[in-house]
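Student: Residue numbers (this note's numbering), protein chains in the order written: chain A, -14 to 270; chain B, 4 to 334; chain C, 121 to 716; chain D, 363 to 685.
Hints are computed from structural coordinates only; laboratory data are not their basis. Nothing here was measured: the structure is a model prediction, and the numbers come from that model. A portion of the hints provided could be inaccurate.
Calculated cross-link-like contacts (lysine-lysine; reagent style DSS-like; alpha-carbon spacing at most 27 Å) [claimed, not checked]:
hint, chain 1, residue 1, chain 2, residue 2
1, A, K27, C, K555
2, D, K467, B, K238
3, A, K6, B, K238
4, C, K458, A, K27
5, C, K296, C, K244
6, A, K92, B, K102
7, A, K164, A, K92
8, D, K467, D, K427
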Amino acid sequence: MSEEKKKNELLFFALRNSKLKIGAAIVFLFVLFAIFGPSFAKYPLNEFVAGGPNPPSADYYMGTTAYGQDVFAQFVHGLGSTFIVGLVGGGIATLLGMLVGFFGGYKGGWVDELLNGVTNIILVIPTFALLLIMVAYLKLRGILLESIFIGLTCWPWAARAIRAQTFSLVSREFVDLAKLSGMGTLKIIFREIAPNMMSYLFMTFILQFGGAILNAATLDFVGLGPTQGASLGLMMNWATIGSALLLGYWWWFVPPGLAITAIVGALYIMNVGLDEVFNPKLREM
Amino acid sequence: MKRYFLRKLLIYLLTFFIAVTIDWMIPRFMPGDPVLNMLAKAGSVHAEAQEVMYGYLTTAFGLDLPIWQQYLNFWNALFHGDLGVSVLQFPRPVVDVIKSAIPFDLLLLIPAIVLSWIAGNKFGAFAARSKRMDNTLLPVGYILTATPYMWLGILLGWVFAIILKIIPISGAFSYALKPALTWTFVLSVLEHWILPFASLFIVMFGGWAIGMRNMIIYELEADYAHYLEALGAPKRLIRRYAYNNALLPQLSGLALKLGVIVAGAMATEIVFSYPGIGYLILMAIQNSDYFLLQGCFLFIIIGVLLANFIIDIVFILIDPRTRLGMQGGAS
Amino acid sequence: MRKIVLALLSVLIVAGFVMSCAPAAAEAPAAEEEVAAEPAAEEAAPVEEAPAVVDYPREETLYTMGKQWGPPTSWNPMQQGSYAMGAIGLCYETLFLYNPLTDEYIPWIAESGAWLDDTTYELKIKEGVTFSDGEALTADDVKFTFEMGKNFKSAFYSELWAWLTSIEKVDDYTLKLTFSSPEYQKWANYLYTVAMLPEHIWSTLTEEQAITGANQPPLGSGPYVYEAADETKVVWERNDSWWGIEEMGLNMAPKFIIDIANISNNAALGMVLQGQVDLDNNYLPGIASVINGGYGITTYYPEAPYMLSGNTAWLVMNLKKAPMDDAAFRRAVAFAIKVEDIVTKDYGNIVLPANPTGLLPVWDKFVDQAVVDELGFSYDPAEAKKILADAGYKDVDGDGFVETPDGSQIALEIGCPNGWSDWMVAIQIISQSLKEVGINVEPVYPDYSALTAGLYGGDFDMVINNDVQISNTVWAYYNFIFYHPIKEQMISGTGNYGRYENQEVFDLVDQLDATPIDDVAGMQAIISEIQRIQLTDLPMIPLWYNGVWSQVSNTYWTNWPSSAEGAPKYLPATWNGYWNMGAVLMLAELQSTAAE
Amino acid sequence: MSLRVENLTVYYQTLKGVVQALEDASFSLGDGEIMGLAGESGCGKTTLGTSLIQLSGRMRYMRGKLELDGQELPVWDNQAMNAFRYRKVSLIPQYAMSALNPTRKIGRMTRELIESRSVDFRVVLPELKRRLELVELSEKVLDMYPIELSGGMKQRMVMVLSTLLNPSLLIADEITSALDVSTQKAVVKMLAEFRDREFVKSVMVITHDISVLYQVADSIMVMYAGQLSEKAPADAIIKNPRHPYTKMLISSLPKIGVRHTEQVLSGIPGKPPLLLDPPAGCRFRDRCPVAFEKCLQVPPFLEIQKDHYVACWKEFESHAQAK
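The following block holds chain A by itself, in its conformation from the complex (with noise of 0.2 Å):
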């Protein structure tokens, strides 16, 4: 088949893959909101307006903190930086981990080794233990910064998961027969692994992006998140910290987890989607 009719075909299953849309409509209404949220919002980030805590009115739309900020506007911030460190550190992490996992899995041997070395390094040093140092240097922190770090320092996930793949490429024909024909490493990498391994490769970008948010929420939870902004994580964080279960400020705490757990479920749901799609044997199935 052509490429332009494997195009067509591709946008055709797409267009009729129920989990693809679902999810994707999901992310998108959050998108939106993360991009139009602020403008709507009727009062600037942080700051104490009201006296105190004020369950949801038409004037605070989703209510106020303990301390009188306005949890509307944190939220819509707080939705936008979940994008940022989802893009900005699984997209960094993803490529990490594809540059290690396929070197690693094709070539073998030393390269193997190597490689291997420095994703247990990574892997075993407990990732918030540089953060802490980080952390103890900078006084000021953006949520760039953290998606960065996120990036540089969670992709041996998808280094690991990617090596393996390969491994049982590589020990199929095709490749075999590349190698016969005398085809270069990258070549092969990118000709014959890669393609072949594409949906695999969305999966881990969109795991990889979902696992970035979710990891920027338990590091804003501890204490060690961005001092500048907001976040959903550090709503949370502030959230137990002001005691809104017990005070019963569910306003507070309920939104940011239902948002995290609702954008990232969807990436997810989303990401079975696509792997349908580029995949017609799941489709049969």
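Start from chain A and add chains B, C and D according to the hints.
Tutor: Coordinates of chains B, C and D only, in the frame set by chain A:
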């Protein structure tokens, strides 16, 4: 094979060496002076005494030595199981502090990880059986794995501890008890254990289920599966093969997740004030007890490395492809 | 393979259970104690034992929380900050107690103490005071304890010997102390902070053992003895042969006192609300909203500020840096900060805005109102702008922020340790209100040690600090603000981190130290001079009074200290140094609800 | 007659529409006959082959009747077909190299497969060993993992495995394409050997490589664009082809026994038609030098000589004249 193992071992030792070196840097890289922090915490009224104390403790922590010597001493002490003294829990040795936290982690993490892995794989394989189940059951998996550990923890605690008041929200066992091997105590331990365990288990379960589901679908489309079908082999057999083969990537996933899980466990332990390593780390961070921090990280490093090594070996034992592929690489 | 995994799992679970009892085993002495203390618990192993049985009956137990950051690890009264809750106060005792609320010194181990002349102090000790092992506590033990400061330089009170020359034993219950230069105020402080140690146990210890040892289990003369401790708590059991029962007719109500190591705010508040903790000394955000909320939770005051004031939160500025080196600028800052917002929004009205002098309410009598009226300050942005303008601070480049008179940009940082949530919010509010008058200050949250390093080394702009606590002497406050001499490293316990230099005021502070504690008029005279200088130069700006955080549950115990008529008037706090500030007397006043 | 096929028609369901991969194939296969099935790639030979044992997901059985040893083959009914698979009809797949479960020792996998077909492995084992010997594989392979075998070894292993239950019909799909010439010969010879020893009654060897067929095949069937063109004894096809397409196919072979490469026939102008909506009548028409108006109808597959079937109007005419 032997040669291969030796090489692997070497790699791991190297990794260990580097990781530990980085770990060693933590307290020394931190701005400020651990001893000063400690004195600041001591909050003694009289500065004069503090200055004496300062000199005294600096020697006690061996921070007055040249850096290279400190490094050598660190390794030396390491092999004698001495990780220095905790600042937060002065004068308690870091090793003691960690020792008393480890059981709670084993209690929490091992069952959570292993059970969720097994259950998740089964569920994923089950979900992959038919389109209908796939579409109905799996979204559950996605939602679960997409839930932030601590948020689930908060909600669980909220529902069971605060609204229903049927499970204690914090600690590892009732404050009215002394640790002793009695039923009362064991029950109390279980009752405090269940919520943190649940929030870890549930989230991980979703992850494994999805992983397995994706893997098994690939396997079911593999050539050997088609061949068996052509020879009229029953679905049962084919599924079994697919499942077993799909377990391999899942297994390597297990090794990889450990790092992440530690973080997740940390968040969970914080929510429930469960006195494991994660909680200890938070304590150490908040009180800038970098010696304790160092110890905790060392523990994690060793744990993760060990797990990786074991899983590597298991892999070699059960996956001929890897084994032979690697031998090829080795020779 | 799954079989293997399962096997592994089960093995580890079992291992986990067994090991989870390790803490008990690990603390060998403790374990032995337990065996001795209650065989019942040890025999409780058999399966048929009813699950309801607990080691500490609830209605006889007082649960406290708030002091212990991390597991209890030291019972050594020489480790001022880190000893386990109650080591001094419940177990070891001091010569006197000091109750700040009534400003009185209560003879405790001591029968009396008096200055015979400017350099000699006579100390009489109660007869019949005994340690919990039955040994009598005599002049020898007191002498030994104080002389430990001479022999062991690292003892926290070793500096005492810079101005104490000798201690001589007159008889078994009388001591005569001779001073080179009497520092009355400081001495008065020692009288209720130094715990008396049993010579027959401590005399054999080396300096290292004595100063850095864990001293577990401890043996003191107090109303409670060490029962047990593990990762999460320390348990004290009432000493029914305590000397105080006869000597002072005091009967401590709780049979057991269990102090729980701090847990997350959520969990803490939860336990308070459910009556699982009787006395909680954590800062619990939002507590105001549950008081009188039907939970049976009360605080010292039934309405705002709810809490007693325990220390002053200061805005410390680096006087070695422009523009903080300019008194006018500092004054403008003082006028610009909207402390009211911090009080209402950050703390939900559980704190009080500070008096311009920064003196705690208990020291109102030392506030020279005339000086305050003349030189004091209050939130007034207009005034702040005016002061800036007059001093030549103008917005030259039109970025909305003023520049220094010499036209250079102002971009300052105000810091507090990362994770100190209430302060993090506070500095956000401060930076917000300073920006409103055109002073460009950004909030920053460095890690604690980074912050203190900067503070001690003089590398900072603005920092919130509350190092000095409520105590018997206002001198301690001025010693903090005007600490001298200025050193390279102004480590904790000193003060004056902004490096304010003014010999005149330094001398006044020393003079104050050398004023007898009962010479109130003399003190007032000196203090009003100090206050004049303080309010003119504003080396630090007092912001608000942190409370003696204390919320109590009336589910199991009642008659807590409170402002109410006839209620006990003590600091309801378990923090180190507070038991001996009268809190221990609270235990005798408590009433069990089970009793009724 | 071990296999009789009548009007077997199989289409593919794709997005673009229905691909008419196999149109009214009617032929038969005698006991002990090894029939080669040749044609350019995409001519539907693999479709024909696999449709005899298992219709893959997107294949649609349209019509036709299949009979094996007098029993009807219910290829349209996946369940019912199971009874015939392996015991009656078996397959050596194109992907023989990766047909074995990589994580099972070959012996164990074989056992599990055999037992899953409710046959006692212990009974089969001796025979299995004998056959391994026959294909020059030592018993040890049973204790090996597939990855430890060379391509040729795997190929032979699969051969043994696929024929272990002595199926009546064996479909060998492109068994030689991945092998080098010498191994090809060996494999092909064994195929014959298997037939002679009656491990299998009859074999259908699918390949684009006529030279391979010439070595073993008793008869050769040529397909073009989903239609049968010609079937005849191997000699007849090679020496005296009747269908114009076959003629070109043969003539385009430089010399007998030399490998024919996979390219579109050089000698013939044009390309085979798309099977999405193929032209009516003879699908070779457009490329056929001798085509005439009659070719607008589909030519029947007629036996113009003993065992020599052709589907070409021109041939029918000349044949008629010859008589």
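Student: So which of those numbered hints doesn't the model satisfy?
Tutor: 3, 6 and 8
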